[in-house]
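Chains as they are written, first to last, in the working numbering: chain A, 1 to 283; chain B, 1001 to 1139.
If you are wondering where the hints come from, they were derived from the structure by calculation, not from laboratory data. All clues stand as given, with none of them false.
For lysine-lysine, the following DSBU-like pairs were computed, each having C-alpha atoms within a straight-line distance of at most 35 Å:
| no. | chain 1 | residue 1 | chain 2 | residue 2 |
| --- | --- | --- | --- | --- |
| 1 | B | K1059 | A | K190 |
| 2 | B | K1121 | A | K227 |
| 3 | A | K252 | B | K1026 |
| 4 | B | K1083 | B | K1026 |
| 5 | A | K161 | A | K123 |
| 6 | A | K119 | A | K97 |
| 7 | A | K190 | A | K120 |
| 8 | B | K1059 | A | K252 |
| 9 | A | K252 | B | K1120 |
| 10 | B | K1109 | B | K1134 |
| 11 | B | K1083 | A | K252 |
| 12 | B | K1109 | A | K227 |
| 13 | B | K1083 | A | K190 |
| 14 | A | K204 | A | K190 |
| 15 | B | K1134 | B | K1026 |
| 16 | A | K227 | B | K1026 |
| 17 | A | K190 | B | K1104 |
| 18 | A | K204 | B | K1026 |
| 19 | A | K200 | A | K161 |
| 20 | B | K1101 | A | K215 |
| 21 | A | K161 | A | K174 |
| 22 | B | K1084 | B | K1104 |
| 23 | A | K215 | B | K1104 |
| 24 | A | K190 | A | K200 |
| 25 | B | K1084 | A | K252 |
| 26 | A | K252 | A | K190 |
| 27 | A | K123 | A | K97 |
| 28 | A | K45 | A | K200 |
| 29 | B | K1084 | A | K190 |
| 30 | A | K215 | B | K1120 |
| 31 | A | K215 | B | K1059 |
| 32 | A | K252 | B | K1109 |
| 33 | A | K190 | B | K1026 |
| 34 | A | K252 | A | K161 |
| 35 | B | K1104 | B | K1134 |
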Amino acid sequence: MIELKNVTKEYGRTVALNDFSITIGQPGIYCLLGRNGAGKTTLLKTIAGHIAATSGAVMVNGKAVDMLAMPDDVFFVETGAAQFNIRLTDLFSAAAKINPAFDMDFAREMARRFDLDMKKRFKQLSFGMKAMASTLIALSSGREILILDEPVLGFDPVMRKVFYELLQESCAVKSRTVIVSTHIIDEIEKVAEQLMIIDKGQLKLYCDINEVDEKAYSVIGSAEYVKAATEGLNVIGETSAGGFLSQYIYDKRIDAGEGYDLSSLNLQDFFIAIVGGEKEALQ
Amino acid sequence: MRMSITKQNRKDDGDEKRMKALNNDKPVFVQIIEMIEDDILSGTYGMDDLIISTPQISKLLSVNPTTAQHAISILTDRGIIYKKRGVGMAVSENSREMILKERKDVFFKRAVPDFIDGAKKIGITGDELLQVVKENLND
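Sequences are here, hints too, so could you generate the full structure?
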């Protein structure tokens, strides 16, 4: 279990996390969405104990986390993670030597599926393959909590597809918590179980991914009809053109009616409405 | 009657089918529920038949496994399907009747009033409406 209570992180005058609180209890795949500079990486590094919060409490499985007490149960893979420049086969053996829980069979099998050349040294790999090697070491680590900061950055579409399958498989094999940050929203939408949206250092939304399927939709039609239909609902954004209005709703569903149509919002449109819209959203 | 999506095409792969199978009007889990219900109504699935599994739904329609699970758990709660130990989810005894009852409720509460309203709006009289319904029934 991960718990953050009123965590603030300041870099000089910049506030990266602003009185941030969250509890992550249930194992599963969590996706962390946020614009550039929203505080995603700061949040992930704080949980992993790579950076210290300016104030507030960070706990992993009941133990306080800071830079002197990095949690053993957490494996963090940052974007562009560096590894020793040795052959991958040696790199995996080294990982297994340090960590008895390392699942070498799983690592080898996955390396084969990704066409990772185990004889190559780390620095000989392409950017995407480096990321894949680091991610494989994390997924094979047997740790209970994995934190992957933009793991699919630099992956081609085929690698991304295999990566998501791998992620689901590794969670099926062992109950664990995986937090993945990404900008490729339409892909993680099909994999993630829980959704966290962070904006300007604050938690904007934290819910089951099925809530978005159920409650996020748009109402499109002539402005007066749309406004009448959505009265009293939680409108999180809108666009208009001519006499037509499209409002984005995050609330219970309404029935189709005269003068307007309904359409589901996918996670990407929903995300844009939440963090990019002009209207203040939610809560 | 349209072709069953959940039974016939299981071996096909995701994305192309999703475009045909899912639309944008309703939540994905509702559409999955309706597909399975349609297949029970059409007789594609009989009583005690195993229905498509959650991972299969997820692959076939290219949807999130938790969304497929969400749909299955609602069908289970409503008693339309039940858990057959160790094998999967199967169709309950009275599922057809339950689905038909619900569909009829919706038909009379929504579709019929909408239909009549629509006719009134364009000046169709009650007699004309009855006439049209009769003619169409006889076709």
